[in-house]
Amino acid sequence: MWNWQFALSVLPQLIAALRITISATFVAFLLACILGLLFAMAKRSGVKPLALAVGAIVEFVRSTPLLAQLYFVFYVFPKFGLVLTPFLAGVLTLGLHYSTYLSEVYRAGIESVPKGQWEAANVLNFSRLRTWLTIIIPQAVPPLIPVFGNYLIALLKDTPLLSAITLVEVLERAKIIGDNSFRYLEPITMVGFLFLITSNLLSLIVQQVNVRLNQHLK
Amino acid sequence: MNTNAETAKVQPMVRYRNICKSFGDLKVLTDINLEIAPSEKVAVIGPSGSGKTTLGRMLVTLEKPTSGTIEIDGEMLWHKTVKGELVPADEKHLRKVRGNAGMVFQQFNLFPHMTILRNVMEAPVHVLGIPKDKAKEQAISMLKKVGLEAKLDNYPRQLSGGQQQRVAIARALVMHPKVMVFDEVTSALDPEMVGEVLLVLKEIAEEGNMTMLVITHEMAFAQEVADRVIFMEGSIVEQGPPQALFGNPHNQRTQEFLSRFRNA
Amino acid sequence: MHPPFNILVQLLRGTVVTIELTVFAALLAFVISFIVGFSRMAKFWPLRAIAIIYTEFFRGTSLLVQLFWVYFVLPLFNVNISALAAGILILGMNFGAYGSEVVRSSVLAIPKGQTEAGVVLNMKPSQITWRIILPQAFMIMIPTFGNNLIELLKSTALVSLITLNDLMFQGKMIQNTTLRTTEVFGLVLVIYFCLAYPLTLGVRWLERKITVGRA
Ligand SMILES: Nc1ncnc2c1ncn2[C@@H]1O[C@H](COP(=O)(O)OP(=O)(O)OP(=O)(O)O)[C@@H](O)[C@H]1O
Ligand SMILES: [Mg+2]
Chain A
1 MWNWQFALSV
11 LPQLIAALRI
21 TISATFVAFL
31 LACILGLLFA
41 MAKRSGVKPL
51 ALAVGAIVEF
61 VRSTPLLAQL
71 YFVFYVFPKF
81 GLVLTPFLAG
91 VLTLGLHYST
101 YLSEVYRAGI
111 ESVPKGQWEA
121 ANVLNFSRLR
131 TWLTIIIPQA
141 VPPLIPVFGN
151 YLIALLKDTP
161 LLSAITLVEV
171 LERAKIIGDN
181 SFRYLEPITM
191 VGFLFLITSN
201 LLSLIVQQVN
211 VRLNQHLK
Chain B
219 MNTNAETAKV
229 QPMVRYRNIC
239 KSFGDLKVLT
249 DINLEIAPSE
259 KVAVIGPSGS
269 GKTTLGRMLV
279 TLEKPTSGTI
289 EIDGEMLWHK
299 TVKGELVPAD
309 EKHLRKVRGN
319 AGMVFQQFNL
329 FPHMTILRNV
339 MEAPVHVLGI
349 PKDKAKEQAI
359 SMLKKVGLEA
369 KLDNYPRQLS
379 GGQQQRVAIA
389 RALVMHPKVM
399 VFDEVTSALD
409 PEMVGEVLLV
419 LKEIAEEGNM
429 TMLVITHEMA
439 FAQEVADRVI
449 FMEGSIVEQG
459 PPQALFGNPH
469 NQRTQEFLSR
479 FRNA
Chain C
483 MHPPFNILVQ
493 LLRGTVVTIE
503 LTVFAALLAF
513 VISFIVGFSR
523 MAKFWPLRAI
533 AIIYTEFFRG
543 TSLLVQLFWV
553 YFVLPLFNVN
563 ISALAAGILI
573 LGMNFGAYGS
583 EVVRSSVLAI
593 PKGQTEAGVV
603 LNMKPSQITW
613 RIILPQAFMI
623 MIPTFGNNLI
633 ELLKSTALVS
643 LITLNDLMFQ
653 GKMIQNTTLR
663 TTEVFGLVLV
673 IYFCLAYPLT
683 LGVRWLERKI
693 TVGRA
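Residue numbers (the working numbering), protein chains in the order written: chain A, 1 to 218; chain B, 219 to 482; chain C, 483 to 697.
So here's chain A without its partners, still in its complex pose (with noise of 0.2 angstroms):
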């Protein structure tokens, strides 16, 4: 049933979609950072509508599949003159949804530094920002690592969804493979087994991180 010899011939070109797939991944899950926490400072601000108008987007996004909004980006912001490729397409709808976690993430966080912090920064005469950036981050964030680190691997798995709009990530050249020679077996079982591989790495990549920047935790 298993055919070695065609795995091993396909192999390569599994390997090479999967530099789309991590590359996704990576810029995905950065730009989910960085909304996210500017969204859990925005819910923070004490600017009222802001607040409520961030909340409500966040609110939307994670409450409708990841699928249907990949769908939406893709296909009805050309309509408004946005034409989009297929990764940057990916990328912003994978990263917008990821965020929306990552904003509850953050916030927590934030909640969990005493509120004495923030009242040393202030009579520190400390502006805004600066508390923000040298005060509340830095203790904030350390301890969110292994949780970002799930959603990080969590976000991986999620990048297959991009071949509904026709990027040819992994699993997708997986399918075309299949298409081109009726053998579905092998690439997609490899791709399985490829995920595998890349989200035990990369949870080894976070455990690191995370006892490198908590040490002084200890």
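Because the hints were derived from the structure by calculation, they are not lab data. Hints may be right or wrong, so weigh each one.
Claimed, not checked - Simulated DEER-style distance windows between Cβ atoms:
no.: 1; chain 1: C; residue 1: Leu566; chain 2: A; residue 2: Asn180; range: 24 to 30 angstroms
no.: 2; chain 1: A; residue 1: Val209; chain 2: C; residue 2: Pro593; range: 29 to 35 angstroms
no.: 3; chain 1: C; residue 1: Lys594; chain 2: B; residue 2: Glu474; range: 32 to 38 angstroms
no.: 4; chain 1: B; residue 1: Lys362; chain 2: C; residue 2: Leu688; range: 33 to 39 angstroms
no.: 5; chain 1: C; residue 1: Val513; chain 2: A; residue 2: Ala120; range: 49 to 55 angstroms
no.: 6; chain 1: B; residue 1: Asp351; chain 2: C; residue 2: Ile563; range: 49 to 55 angstroms
no.: 7; chain 1: B; residue 1: Gly267; chain 2: C; residue 2: Val513; range: 44 to 50 angstroms
no.: 8; chain 1: B; residue 1: Gln441; chain 2: C; residue 2: Lys691; range: 47 to 53 angstroms
no.: 9; chain 1: C; residue 1: Leu490; chain 2: A; residue 2: Ala120; range: 53 to 59 angstroms
no.: 10; chain 1: C; residue 1: Val513; chain 2: B; residue 2: His394; range: 39 to 45 angstroms
no.: 11; chain 1: B; residue 1: Lys301; chain 2: C; residue 2: Ile563; range: 56 to 62 angstroms
no.: 12; chain 1: B; residue 1: Asp249; chain 2: A; residue 2: Glu119; range: 54 to 60 angstroms
no.: 13; chain 1: A; residue 1: Ile176; chain 2: C; residue 2: Ser564; range: 24 to 30 angstroms
no.: 14; chain 1: B; residue 1: Ala406; chain 2: A; residue 2: Ala120; range: 30 to 36 angstroms
Said to hold, decoys possible - Just some of the chain B residues that point at chain C, by a computed CB distance under 10 angstroms:
no.: 15; residue: Val278
no.: 16; residue: Leu280
no.: 17; residue: Arg316
no.: 18; residue: Pro342
no.: 19; residue: His344
We put the CB at the ideal spot given by N, CA and C, even for glycine.
Got chain A; can you put chains B and C with the ligands on it based on the hints?
Positioned in the frame of chain A, the structure of chains B and C with the ligands alone reads:
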């Protein structure tokens, strides 16, 4: 009150024989030999980490001795005899013998998802198989005894620490064990609640029948209710009637321990 | 009917499939969560090993890859199951793997003193599990299970990629034939929101109720 001379004749309720206990490399108890007579009240004192809790937990099977044997009311707890040979006990045997012992914990360990009444009824109904209405009756009368009949439908978190500990005592008593272990039952309490719990303990002691192993830091209480006080530090260092042990300790370690206590 | 209501009828037909899929997959996931979660804590090590391999596999690969595997590969082994059955099976098994972690960590979160109190009252291990540990652990599980249910609902959209005619599939099909892209995809998003948001509110309400009860 029993004297040691009297207790020597009857079969002891509890017998620790050559008990040793280690946690990994850490030797916690060495060669404990201890007999407790029926209805005797034994207080155990000693510094922190001296193995008092471990001694008590072994009697209710929460810790397994590394070597030695324990008997409750003449029955081996951790072993059973098969064709004249001692073999490790199985779960069934443990359950049978454990039914004779009860324990009250420092941290109460009430079941937070059950009302006070259900906390006390749960084991009689589901372990002893007592019909619900009868178990309820017994539970209520036991809760009355500890002064909590007004709290039947409350949940543990709605009670003060002292009240919770009294419920825990009722929960243990309603199983009618022959011997009870009390492990520093007042240590987790605010000072103003210590008295109410000790009062309940004293009442149980004064009723007379219950064999009690009371681990405590309350020296005055030990002096008042105990027939015998044991000072331990990894092994039994010194024991005797309370007047003797508190009034005229022979061992130097005991003296040091007690003097530290008086000054504190 | 007038636009966009003529589209709506077809979309609602797909919505029914989405709801069916969510309900059955959730039930399957719930059962698997407990079986696998308890297997991970079993004394018998082969059972533990199987449970670990199961969770690692379903959590380490990707849901869409799993769906594709069942859809493209299983027929090669002459296993032919309907797209609906495949969807329920894979969604249930995938979310069951995540749920098993929830079960395990909730059970482990119950203080040891609770087990000890049960032992001292001479309860059987099964009584301790059913009467003392599980009722408390269940309270801890509820909010996470609730959130997983919402994630499951959202994930059902993936089955459209293996040709199951759920809400997402209907949307894509209507868009293809009518080219009323903005309306169709907009409506799809709104319908999903109307399904998921009440769940979100419900989970938050439960969560508040449970934490108030505990404090
Ligand atoms: N489960 C365990 N694993 C490892 N070590 C343990 C364990 N339980 C107890 N110990 C160790 O055994 C020793 C005796 O503990 P034990 O709790 O019996 O002392 P204790 O006399 O009750 O002390 P305290 O007065 O503080 O309650 C301590 O050094 C403790 O750290
Ligand atoms: Mg102790």
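Here's how the hints hold up against the structure:
{"no.": "1", "hint": "Leu566(C) with Asn180(A): 24 to 30 angstroms", "in the structure": "29 angstroms, holds"}
{"no.": "2", "hint": "Val209(A) with Pro593(C): 29 to 35 angstroms", "in the structure": "32 angstroms, holds"}
{"no.": "3", "hint": "Lys594(C) with Glu474(B): 32 to 38 angstroms", "in the structure": "34 angstroms, holds"}
{"no.": "4", "hint": "Lys362(B) with Leu688(C): 33 to 39 angstroms", "in the structure": "37 angstroms, holds"}
{"no.": "5", "hint": "Val513(C) with Ala120(A): 49 to 55 angstroms", "in the structure": "52 angstroms, holds"}
{"no.": "6", "hint": "Asp351(B) with Ile563(C): 49 to 55 angstroms", "in the structure": "53 angstroms, holds"}
{"no.": "7", "hint": "Gly267(B) with Val513(C): 44 to 50 angstroms", "in the structure": "46 angstroms, holds"}
{"no.": "8", "hint": "Gln441(B) with Lys691(C): 47 to 53 angstroms", "in the structure": "50 angstroms, holds"}
{"no.": "9", "hint": "Leu490(C) with Ala120(A): 53 to 59 angstroms", "in the structure": "56 angstroms, holds"}
{"no.": "10", "hint": "Val513(C) with His394(B): 39 to 45 angstroms", "in the structure": "41 angstroms, holds"}
{"no.": "11", "hint": "Lys301(B) with Ile563(C): 56 to 62 angstroms", "in the structure": "58 angstroms, holds"}
{"no.": "12", "hint": "Asp249(B) with Glu119(A): 54 to 60 angstroms", "in the structure": "59 angstroms, holds"}
{"no.": "13", "hint": "Ile176(A) with Ser564(C): 24 to 30 angstroms", "in the structure": "26 angstroms, holds"}
{"no.": "14", "hint": "Ala406(B) with Ala120(A): 30 to 36 angstroms", "in the structure": "35 angstroms, holds"}
{"no.": "15", "hint": "Val278", "in the structure": "5 angstroms, holds"}
{"no.": "16", "hint": "Leu280", "in the structure": "6 angstroms, holds"}
{"no.": "17", "hint": "Arg316", "in the structure": "5 angstroms, holds"}
{"no.": "18", "hint": "Pro342", "in the structure": "9 angstroms, holds"}
{"no.": "19", "hint": "His344", "in the structure": "6 angstroms, holds"}
In summary, this structure violates none of the numbered hints.
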